[in-house]
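K.L.:
Fit chain B to the known structure of chain A by using the hints.
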Amino acid sequence: MKNLWLILNKYNAFFFFVIFFGYAVYLVVQNNSFQRASAVNSSNEFIGSAYARINAWQSYLNLREVNTQLAEENAGLRERLQLLAAPDSIVGGAVTDSMGNIRYRYVVAKVTNNSIHQKNNYITLDKGRKHGVKKGMGVITSNGIVGIVLNVSEHFATVQSLLHSETRVSAALEDSGAFGSLMWGDNYDAQLGILKDIPNHVKVREGERVFTSGFSLFPQGIPVGNVIQTGIAGGDSFLDIRVKLSTQFHNLKQVYIVVDILTDEKEMLESQSENDG
Amino acid sequence: MAKVFLYNTIRFCVLVALQVFLFKNMGYYNLATPFPYILFVLLLPVGIPNFVLYCLAFLTGITVDAFYDTLGVNAAACAALAWGRILFIRITLQSDQHENYMTPLLGTVPFRWYFLYVSLTTLFHHSVLFMLETFTFHHFHYTITRIFLSCIFTVVIILLFSLLFYRKKQR
Chain A
1 MKNLWLILNK YNAFFFFVIF FGYAVYLVVQ NNSFQRASAV NSSNEFIGSA
51 YARINAWQSY LNLREVNTQL AEENAGLRER LQLLAAPDSI VGGAVTDSMG
101 NIRYRYVVAK VTNNSIHQKN NYITLDKGRK HGVKKGMGVI TSNGIVGIVL
151 NVSEHFATVQ SLLHSETRVS AALEDSGAFG SLMWGDNYDA QLGILKDIPN
201 HVKVREGERV FTSGFSLFPQ GIPVGNVIQT GIAGGDSFLD IRVKLSTQFH
251 NLKQVYIVVD ILTDEKEMLE SQSENDG
Chain B
278 MAKVFLYNTI RFCVLVALQV FLFKNMGYYN LATPFPYILF VLLLPVGIPN
328 FVLYCLAFLT GITVDAFYDT LGVNAAACAA LAWGRILFIR ITLQSDQHEN
378 YMTPLLGTVP FRWYFLYVSL TTLFHHSVLF MLETFTFHHF HYTITRIFLS
428 CIFTVVIILL FSLLFYRKKQ R
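Protein chains in written order, with our numbering: chain A, 1 to 277; chain B, 278 to 448.
Just chain A, with the same shape it has in the complex:
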């Protein structure tokens, strides 16, 4: 003990340095967004490529599952295609939309890293800036929404998952069309979310489906989940609705990054009205 004290005393300059320097670096990483983003982040090239390599092996193990999922999706799409292709008397008189109809493009990405057990979960995808992915884009999967792109590097992107305490997605109820913001809330179950800010007078039925409202990054009408419980926090002017998420976060393999072609135009217009008002 005495020797330890002697050593500490003799090299006190060094130990003070370690303490002060460590604390300062902690402050740096905590408070500067750039350093935080590049210090502990799986879109960082080294970690990202390591994950990609592991994932290349893992993906073989899941081929069967992925195949089924893709086949199901194919079937669904074919069904919708039929509807579109069917000769219909109404279609005959349709006017082509001058906007060109296609507002969203989808970039297919593979999940190279995923977590559902943290308080704030992040997902890493194998598509990056090179493939046109930008910060703030929405990410969906064939049966639900996944999250929002947080950081982008050349070949990888990290996604702030829906299972993150700060993710908010605008979602609407099927019957009434009332919209609110969907968040993960204070639970630790990867299958449950909370739909907030739905006014009290709206009638909500259990099992009612919830879709994206189209006000945020996501296209309208993407399924989010089903209502399983309403009015959790009583006595307020808003309902809190518990939603069972349709996205299977625990076996997320392939996702689509939503590229909104008109996003610049929309943002410009909205910022203009903000400036005026």
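No wet-lab data here; the hints were simulated from the structure.
Quick reminder that beta carbons are idealized off the backbone N, C-alpha and C, glycines included.
A couple of the hints might just be wrong.
[As the list claims (entries may be wrong)] The calculated label-pair distances, taken between Cβ atoms and stated as ranges, are:
id, chain 1, residue 1, chain 2, residue 2, range
1, B, L283, A, Y26, 31 to 41 Å
2, B, G304, A, Q229, 57 to 67 Å
3, A, L77, B, H418, 47 to 57 Å
4, A, A56, B, L370, 34 to 44 Å
5, B, I421, A, L77, 51 to 61 Å
6, A, L8, B, C290, 48 to 58 Å
7, A, I228, B, F298, 35 to 45 Å
8, A, G136, B, I421, 26 to 36 Å
[As the list claims (entries may be wrong)] Among the chain B residues that face chain A by a calculated CB cut under 10 Å, a handful are:
id, residue
9, L299
10, F300
11, N302
12, M303
13, D342
14, N351
15, A359
P.N.:
Using the frame of chain A, we list chain B on its own:
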């Protein structure tokens, strides 16, 4: 003793003010940016206890950081600077000189010692500062260039300051 305290307080205020209002706006194409505020840490009395030295250095760094919106970067660099200063003084000065309250200012110390002291510690400080600021090893030669050019810039300004307040042999 009180005089030493007073001088250092004034020096702190003046140097930090100069740093954040004047030198923050100076630079050579983003390649060389001077940080002469570190002169405050360099000119603290030789015999100052290590812990006090670290606290003051950290405080200075945090103050500058507050103005630069880079919380922690300058503080870390100043902690490194304090360490470099302790090492340099321990190696070069005799032990009896450690104990007094001499300010290592030009005029009380020989020019060669002073020049070496300033340039080595500045180099140390700037290396840590710019490394932390860029926080990546990409474009490493660019960072190195920035470190060296800024170092030259800072040392020149510090020497100018020192000559400005030069008083011959006050020992």
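K.L.:
Against this structure, judge whether each hint is valid.
P.N.:
Verification of the hints:
The supplied range of 31 to 41 Å is met by L283(B) and Y26(A), whose beta-carbon atoms lie about 34 Å from each other. At roughly 59 Å, the beta carbons of G304(B) and Q229(A) sit within the given window of 57 to 67 Å. For the pair L77(A) and H418(B), the supplied restraint of 47 to 57 Å holds, since their beta-carbon distance comes to about 51 Å. At about 60 Å, the CB distance of A56(A) to L370(B) disagrees with the hint of 34 to 44 Å.
Between I421(B) and L77(A) the C-beta distance comes to about 54 Å, which sits within the given range of 51 to 61 Å. Between L8(A) and C290(B), the C-beta spacing of about 35 Å breaks the proposed range 48 to 58 Å. Checked against the given bound of 35 to 45 Å, the beta carbons of I228(A) and F298(B), roughly 60 Å apart, lie outside it. For the hinted restraint 26 to 36 Å between G136(A) and I421(B), the CB-CB distance of approximately 34 Å keeps it satisfied.
Hint status for L299(B): violated, given a least beta-carbon distance of 24 Å to chain A, over 10 Å. At a threshold of 10 Å, the smallest CB-CB gap from F300(B) to chain A is about 21 Å, leaving the interface hint violated. Below 10 Å, beta-carbon pairs count as interface contacts, and N302(B) has none with chain A, the closest being about 21 Å; its hint is therefore violated. With a cut of 10 Å, the hint placing M303(B) at the interface with chain A is violated, because the nearest CB-to-CB distance is about 23 Å.
For D342(B), the interface hint holds, since its Cβ comes within 10 Å of a Cβ in chain A; the closest pair sits about 8 Å apart. Residue-level restraint check for N351(B) holds (minimum Cβ-Cβ distance to chain A is 8 Å; threshold 10 Å). Because the smallest distance between the Cβ of A359(B) and any Cβ of chain A comes to about 7 Å, under 10 Å, the interface hint for this residue holds.
Hint compliance for this structure: hints 4, 6, 7, 9, 10, 11 and 12 are not met, and every other hint is.
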